[in-house]
Each structure stands twice: as C-alpha cells, then as structure tokens.
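Chemist: Okay, here's what each chain looks like letter by letter:
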Amino acid sequence: MSLADRLVFKSTEFPDGLVGVGKAFPRMENGVVLMHEAYTKSAVPNVVILPLGAKAPISASLWPPDSVVVSVFDLSARRDHTAVAVTQAVNASEQRAWLTMSLDASGKVVSQFRTNPYAALHVAVNDAGNIWTLGVDYDAKGHKADYNILREYSQDGRILTTALPRSSFATSLEPATNKGGLTGRNLLRAHGPNMAAFMAQTHEWIEVSPAGRVISRVKVQLPSRAGYRAPVRWWLR
Amino acid sequence: MTDDGGVFLQSAGFSLCKLDTASGACGTVDAPEEILLGASGNDLLLYNSLAPTQVDWVHQQ
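Chain order of the listed sequences is A and B.
Residues 1 to 237 in the numbering used here are what the first sequence spells out, letter by letter.
Residues 1001 to 1061 in the numbering used here are what the second sequence spells out, letter by letter.
In short, the hints are calculated from the structure, not lab data.
A few of these clues could be false.
Capping the alpha-carbon separation at 30 Å, the derived lysine-lysine pairs in DSS-like fashion look like this [what the hints assert, rightly or not]:
1) B:1018 to A:219
2) A:219 to A:141
3) A:41 to A:55
4) A:10 to B:1018
5) A:10 to A:55
6) A:41 to A:108
Required output: the full structure, derived from the provided sequences and hints.
Modeler: Shown next, in the form of structure tokens:
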C-alpha cells in the first residue's frame, strides 16, 4: 500500500495558533485532537480538546491546590470525549505529586489520584473505562531495576496490571525526544480492546490484552531514514 | 491505529510504515512531508507544521 495512491479527500480547518512550531505535539484519537502545555506556572488553561468539526476548542486548567508548577505529560480521550491527563504538580517546597486526572466532556476535572513514586508519562484509555499508563517507577530506578513500566489503573486509582515493556538486563535507556533525548517519542495507544506501547529507545512494541496478558512483544524494524517526498497535500493538484 | 487494526508509525525522516505486530516488520508506506496525528475510522489524519490551520485526511486500505 502506498499513501501516494490515496488522495487527500478532505481537509479540516484548525483554529489559528492551536498547533504548529513551538506547540506541544498534538494527538488525535476518537474524533478529538488533544493538546497540552508542557508546564505552566499559574492556573491558566494548559489543556485543549478540539472535537473534529467543532467550531471552538474546549480549554481546561489542570491546577491542583497549592501547586506552583504543573506539567502535563500526556492526554487521551474516549469516544464520548471524556479524557484523562497524566500530570506532575510541584508545590512551593518542591514536593512532587504525579497525578492522573479525569476530565468530563466539558473539560472539568471530575476525579484524580496520585501515583507516587510512579510517574505516569503516557496515558491511553479505551471504552472499557480503565486507565493505562506508561511511566517510570522512581523507587525501582533508585535500585537500578527495570523502571519503565506499563500500569493499568481503575478509574478510582487501584493498580490492576503491571507489565515490563522491555527485556530484562537491557542497557540503560536514552530518553525519548519528549524527555530531552534523541531517540524518538514513546507512545501508548489503545489498539482495539488491547493496549499497545512503542518504546522509542529500544524500538519495542508491546501489546497487552484487557486481561493483562502480554500478547505481543516485538522489535520493530523501522525503515531507514528517508528524505522528504512530495507533501500529501500536493496530490490534490 | 485504524479501526481495521492497522498500526502506523512515523520515524525520523517522516517515513511512514505499517507495523506487523506479530513480526515487528514495518513496511514503508510513504514519506509524506506531513506529520501523522492519528487515525479516525480507517482514515489517517496528517498536518504540516508550516500550515497549522489545516489538517488533511487520507484514505488507507
């Protein structure tokens, strides 16, 4: 299959200034585009949810009480446009809380739970309702153990499943681009009823069934670096 | 992820490949200048950071 055989059949307008250079990398799933600020130092909107076809985006401010800095790491949406964000809040004493926050379709925070010492850096949700995350267990990191883990939570914050996304005894990992490294972006996405993570550092694809069983763990053979070809949009002409 | 189970990854150089989740093979689909945002149904959504007020939909099969 080649996309070159497929024409752009539709374009959707975006509000000016929503995406582009200098903005957080957007994510699209279940008919909504999700964007967030990397960090904010006041209770300003730091999450934007744009249902495709809507005239205006929904803005939300994720700002737990007593915060002085809030980082939004990732955001995922369900088909009903409810969403879940994984965040880090820091108070004036530099204490950190890693919080998973659920938003209703209007962008209002309806629940949250703390995951310390585990920091969820990526999140994915599916229609079943549970919350899957990919992140770092800082206790394990301190003991030089495997620390990048997949973890499933119920909506009220109970740990349901934990899985290692890479082989044991792998060499230390370079950070992903969204963490200041050069190895590409880690991803966590719903894949039908399953959850799937792509670990950029190891080019590993790991997929977990709803029951928590690892059903795929493969080394992805990415294409060699390629140059640009004609933009898709040109194929319209 | 597309509704038919297709998994698309975009690597450095913008190469777009379709992943076989059983083997790890990721055959090149194309190298568009646009950035892959995601999928809806079986259609892919791409945008160009130089033209950020418009995103384009492309059919895939």
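Chemist: Could you work out which of the previously given hints the structure breaks and list their numbers from low to high?
Modeler: none
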